[in-house]
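A.B. asks: One letter stands for each residue in the lines below.
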Amino acid sequence: MSTPGAECLIELRFPARPDRMVLVRETVRTAARYCGFDELTTRDIVLAVGEACQNAILHAYDNRNVGQIVLGILRSADSLVLRVTDYGETVDPSKIKPRNLQDLRPGGLGTHFIQELMDSADFGPSPDGMGNVLQMTKKTQKTGKTGKTGKTMKRGMEP
Amino acid sequence: MSEAVREEQGRLVIELGGEIDLDRAPEVRKLLLDCVGRGRDLLVDLSQVTYIDSSGIASLVEALQRADRAGLGLGLVSVSAEALRVFELARLDKVFAIHSDLGSALAAAG
Chain A
1 MSTPGAECLI ELRFPARPDR MVLVRETVRT AARYCGFDEL TTRDIVLAVG
51 EACQNAILHA YDNRNVGQIV LGILRSADSL VLRVTDYGET VDPSKIKPRN
101 LQDLRPGGLG THFIQELMDS ADFGPSPDGM GNVLQMTKKT QKTGKTGKTG
151 KTMKRGMEP
Chain B
1001 MSEAVREEQG RLVIELGGEI DLDRAPEVRK LLLDCVGRGR DLLVDLSQVT
1051 YIDSSGIASL VEALQRADRA GLGLGLVSVS AEALRVFELA RLDKVFAIHS
1101 DLGSALAAAG
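Chains A and B supply the protein sequences, listed in that same order.
For what it's worth, this note's numbering labels the leading residue of the first sequence as 1, then goes sequentially.
For what it's worth, this note's numbering labels the leading residue of the second sequence as 1001, then goes sequentially.
Just chain A, same shape as in the assembly (with noise of 0.2 Å):
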């Protein structure tokens, strides 16, 4: 899950709680506008990084305010990356999956938000051995290749 030859915008490690998400929103709206992307796909991305945060917290650390999670901003040629890592309870990625929308039902729609606003989206186990990486890419704009075009979600994380 790398990214070659992409550069480091900001990494940001915070405690898996809730109550940091919204520092942690304010960092990635500033790297997409910073990246050149216009407000409502800006909006996309901070909801879509919201989401795979939430994960971590809810999943790998079971939303007991404990842990640690890396944030991790890059920026290639033609995409903005955003690579999310815990360090909690490893998530078997054959097991995951976005529910059934027709399942009409409090939660489970985060991995369908992630599958929808973003261009590419990577779940596996962290090279570290321990924990999840969750890698999202979004087209940078003034390519013009954003959208859903060669979209691809090889995992995903039930929320």
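There could be a bad hint or two in this list.
Claimed, not checked - Straight-line distance between alpha carbons at most 20 Å, and here's what the computed EDC-like set of lysine to aspartate or glutamate pairs gives:
hint	chain 1	residue 1	chain 2	residue 2
1	B	Lys1094	A	Glu116
2	B	Lys1094	A	Asp128
3	B	Lys1030	B	Glu1019
4	B	Lys1030	A	Asp19
5	B	Lys1030	B	Glu1062
6	B	Lys1030	B	Glu1015
7	B	Lys1094	B	Glu1082
8	B	Lys1030	B	Glu1003
Honestly, the hints are just simulated from the structure, not real lab data.
Here the structure of chain A is known, so what remains is to put chain B in place on it, guided by the hints.
C.D. replies: Same frame as chain A, but now just chain B:
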């Protein structure tokens, strides 16, 4: 962050605002379920919501289901563009009754 509840023509109007995320969703959920427990039809004004994620949506879905079981109506009013985007992504814009403003919501409910 703001919440307010008032009565309009026999219905409870709940105003939610600000960012509804994993941190704030529990209190929003409690407010909504408490209001369902008051036994009146509900209208939830989302005009001042600047961010809502799956946890906030979950609170509204749960309230809708509780209201349905109680034979009550629950509609959304003046949904902000930010919130409407998320409802559309979740395909919930056809599940909830969404009214453009309070006046039309009250007329429809009446």
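A.B. asks: Now tell me if each hint is right for this structure.
C.D. replies: Quick rundown of the hints versus the structure:
1. B:Lys1094 <-> A:Glu116: Holds: B:Lys1094 and A:Glu116 sit about 18 Å apart, inside 20 Å.
2. B:Lys1094 <-> A:Asp128: Given pair B:Lys1094, A:Asp128 is violated - Cα atoms ~44 Å apart, limit 20 Å.
3. B:Lys1030 <-> B:Glu1019: holds, 16 Å
4. B:Lys1030 <-> A:Asp19: holds, 18 Å
5. B:Lys1030 <-> B:Glu1062: holds, 10 Å
6. B:Lys1030 <-> B:Glu1015: holds, 14 Å
7. B:Lys1094 <-> B:Glu1082: Holds. B:Lys1094 to B:Glu1082 sits at ~17 Å (cutoff 20 Å).
8. B:Lys1030 <-> B:Glu1003: holds, 12 Å
Hint compliance for this structure: hint 2 alone is broken.
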